[in-house]
Amino acid sequence: MKEFVPAGADLELRGIRKEFPGFTAIENLDLQIPAGEFVALLGPSGCGKTTTLRIIAGLEEPTRGQVLIGGKDVTFTKPHERPVNTVFQSYALFPHMTILENVAFGLRRRKMANPLQLAREALDMVELGYAAERRPQQLSGGQQQRVALARALVNRPSLLLLDEPLGALDLKLRRQMQIELKAIQMEVGLTFLHVTHDQEEAMDMADIVAVMNKGRIEQLGAPEALYERPKTAFVSTFLGQSNLFVGDVVESSANSLSISVAGSKISVPKNRAEKHDGTIAIGVRPEKAEFHRTQPAASAELNILGPGEIVDIRFTGVSNQYLINIPNVGNITVFAQNIGISPVIELGEQVWVSFKVEHAFGLVDLPAGNEA
Amino acid sequence: MAFAAFSPSASKQKSSSPVKSGKIVLVLLLPGLLYLGMFFMVPLVSLIITSLETPDPSGAFGVYQYALDFSAYQRVVVDYFPQILRSFGYAFLATLLAVLIAYPLAYFVGVRLRTRPLVQKLTLTLVVAPFFISFLLRTIAWKQILSDNSPTLEFLRSLHLLGPQQYFLGTPFAVVWGLTYNFIPFMVLPLYSSLERLDLRLLEAAGDLYASPSAVFRRVTLPLTMPGVISGTLLTFIPITGDYVNASRDFLGASDTSMIGNMVQADFLQNSDYPAASAMSAVLMAVILILVTVYVRRTGTEELL
Chain A
1 MKEFVPAGAD LELRGIRKEF PGFTAIENLD LQIPAGEFVA LLGPSGCGKT TTLRIIAGLE
61 EPTRGQVLIG GKDVTFTKPH ERPVNTVFQS YALFPHMTIL ENVAFGLRRR KMANPLQLAR
121 EALDMVELGY AAERRPQQLS GGQQQRVALA RALVNRPSLL LLDEPLGALD LKLRRQMQIE
181 LKAIQMEVGL TFLHVTHDQE EAMDMADIVA VMNKGRIEQL GAPEALYERP KTAFVSTFLG
241 QSNLFVGDVV ESSANSLSIS VAGSKISVPK NRAEKHDGTI AIGVRPEKAE FHRTQPAASA
301 ELNILGPGEI VDIRFTGVSN QYLINIPNVG NITVFAQNIG ISPVIELGEQ VWVSFKVEHA
361 FGLVDLPAGN EA
Chain B
1 MAFAAFSPSA SKQKSSSPVK SGKIVLVLLL PGLLYLGMFF MVPLVSLIIT SLETPDPSGA
61 FGVYQYALDF SAYQRVVVDY FPQILRSFGY AFLATLLAVL IAYPLAYFVG VRLRTRPLVQ
121 KLTLTLVVAP FFISFLLRTI AWKQILSDNS PTLEFLRSLH LLGPQQYFLG TPFAVVWGLT
181 YNFIPFMVLP LYSSLERLDL RLLEAAGDLY ASPSAVFRRV TLPLTMPGVI SGTLLTFIPI
241 TGDYVNASRD FLGASDTSMI GNMVQADFLQ NSDYPAASAM SAVLMAVILI LVTVYVRRTG
301 TEELL
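Residue numbers (this note's numbering), protein chains in the order written: chain A, 1 to 372; chain B, 1 to 305.
Hints listed in this document are in silico derivations from the structure and should not be mistaken for laboratory results. Worth double-checking, as some hints may not be accurate.
Unchecked claim - Listed below are several chain B residues computed to face chain A (Cβ distance under 8 Å; list not exhaustive):
1) 201
2) 204
3) 205
4) 207
5) 208
6) 211
7) 212
8) 215
9) 217
10) 220
11) 224
12) 282
13) 289
As the list claims (entries may be wrong) - The following residues of chain A were derived to be distant from chain B, with all beta-carbon distances above 12 Å:
14) 79
15) 80
16) 148
17) 170
18) 325
19) 348
20) 359
Please read these numbers as outputs of a predicted model, since none were measured by experiment. Glycine included, C-beta positions come from ideal geometry on N, C-alpha and C.
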């Protein structure tokens, strides 16, 4: 009888390229995931994230590149020989087996001791012990999802792949499963790679978020770092919202640089900017911007735009979302907590928008439509 | 298309008013019920009555009178025991061969060719194409191909795969070959219909859960396509046991390969022994019923959903 592997393994993808007849799903992908981390692969649908997962699981062969798990090259290893398990988007539970047999399937194939006992324990962990003798069709979507999770986790894989497994669940169950998943990952210490298009889910659960777009990893890092310092226009708008301003660099000091946007000057600290010359994009998060009824006093620490007109107000409970149209600059989104002037200001009022220079970030590229 | 009959096409629409549709259903069922009654129930009863008849006291050839005489049953079971055994033996062998040949073919068409629907339909049409030529003609063609001095045998002899005194025609081999050939489409179509619906994501999941390709087949593919295997084997096994063409001396068989069908034919058409022929048919039907019930019980309730 065989034993389980002791812990998670690290994963490395080197120069992965995947071509399908007619299109290239993955251009050139490098990714390194340390053992024991919870990593989210975040991207819009069609960005190649599921293909990446399938390549790691061995269900697709890359056109080029290498897959290493725990330092071992598994590029041409068959799926059943990889220390990897997947929670599929469709769950893919075997309809001709009971829930218990579904969970014991991997253990039986690996000739583990006491497969049924381990399967029962795994089912208890996802609180489905009572459903052991049922068939998958008799369970709800959320229950099936938990069975799929138990079926993968019971094998203690070095690497657990999750292919948008929460996609089909309703919001409440989704939140609950997110918390459970995270707790299970911390408890078992396995490496999780979670594919999702839900940025909140990615930021909430993952230690590391890899933002993927058009078959490439755009940026990788801790959720806080990604949110605070997005490097590309795509990341800045896909992970949270951003106000982006495009202009030519007109001033550059030791610590900061400024661009000119429709007569106004917008500055960014040099250490928060990816590019220091030419036409660049500077952004700020909507909750870091403020608006004022009167023009704020000019200051080196403050970027000021305006005046503009409030064209839309959306009430979301804890805060309001304002859309402010500034002539020649465009629309700026501002989130304001519902204290102070926020609850009393009205549509059509004239306001100035300001944000601190230290909150601005400079991007390496320009938003779509502004490319040179 | 012929294979449309085997597709899982939906007749799942729920009727909006069950009361009204009850009458409509009855009316729609009527032709079928009449047909069944006239062409199945009446002949069946008539068959059983005939099997219980006794020879006319006058002793006239082929004349019988109503009775409750079970001696025909005893006679056929004793006299035709070798033919009964042979029928089921051949049918078992031919069905097994048909599954072994048809499953890979159906898998290829139903799974591998999914990405090319046009090629898939063309291949299916090719499977059905032999039906456009008469069953008898095709069997006679095999008789030509397998005959003692045919180019096929000359060729095999030249390769020393076949001795100078060895031959095919009239052997059990030729009969089972012909039976397998003739019934393969009946195996392919239900298998195809099962395999075509097979969720390939389940196969991927099994591979992901450490199942080798052979384990994936045994644990997932085969159990999930069991309905196709069962209907395919029933559609071949049942008609093969009653077949009288392949085993007949005029086609691929000889007197020592004759099956139940050949005996029924001889009793009915040559010996005018109607009670024996009817009893034989009834016995055949009873044995098939028992075998099929056991088979479906065994494979069906446990392995199917």
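Evaluated hints:
A cut of 8 Å between beta carbons decides the hint on residue 201 of chain B: the least distance to chain A is about 5 Å, and the hint holds. The restraint placing residue 204 of chain B at the interface with chain A holds, with a minimum CB-CB distance near 5 Å, inside the 8 Å limit. Of the supplied interface hints, the one on residue 205 of chain B holds, with its beta-carbon coming within about 4 Å of a beta-carbon of chain A, less than 8 Å. Because the smallest distance between the Cβ of residue 207 of chain B and any Cβ of chain A comes to about 4 Å, under 8 Å, the interface hint for this residue holds.
For residue 208 of chain B, the interface hint holds, since its Cβ comes within 8 Å of a Cβ in chain A; the closest pair sits about 5 Å apart. Interface restraint check for residue 211 of chain B: the shortest CB-CB distance to chain A comes to about 5 Å, inside 8 Å, so the restraint holds. The criterion of a C-beta within 8 Å of any C-beta in chain A is met by residue 212 of chain B, whose closest approach is roughly 6 Å, and the hint holds. Taken as an interface hint, residue 215 of chain B checks out: its beta carbon lies about 6 Å from the nearest beta carbon of chain A, inside 8 Å.
Interface restraint check: residue 217 of chain B against chain A, minimum CB-CB distance 12 Å, threshold 8 Å, status violated. Evaluation of the residue 220 of chain B hint against chain A yields a held restraint, the C-beta minimum of about 6 Å falling below 8 Å. Contact between residue 224 of chain B and chain A, as hinted, is supported at the beta carbon level, the nearest pair being about 6 Å apart and thus within 8 Å. Hint status for residue 282 of chain B: violated, given a least beta-carbon distance of 38 Å to chain A, over 8 Å.
With a cut of 8 Å, the hint placing residue 289 of chain B at the interface with chain A is violated, because the nearest CB-to-CB distance is about 27 Å. Under the 12 Å C-beta cut-off, the non-interface status given to residue 79 of chain A relative to chain B is violated; the minimum distance is some 4 Å. Against chain B, the non-interface label of residue 80 of chain A is violated: not every CB pair exceeds 12 Å, the least being about 5 Å. Taking the minimum C-beta to C-beta distance to chain B, about 9 Å, the non-interface status of residue 148 of chain A is violated against the 12 Å cut.
Distance check for residue 170 of chain A against chain B: the nearest CB is about 23 Å away, which clears 12 Å, and the non-interface claim stands. Every beta carbon of chain B lies more than 12 Å from that of residue 325 of chain A, the smallest distance being close to 48 Å; the non-interface claim holds. The Cβ of residue 348 of chain A lies farther than 12 Å from every Cβ of chain B, with a closest approach of about 54 Å, so its non-interface assignment holds. Interface exclusion of residue 359 of chain A from chain B stands, the closest Cβ pair being 45 Å apart, more than 12 Å.
Checked against the numbered hints given earlier, this structure breaks hints 9, 12, 13, 14, 15, 16; the rest are met.
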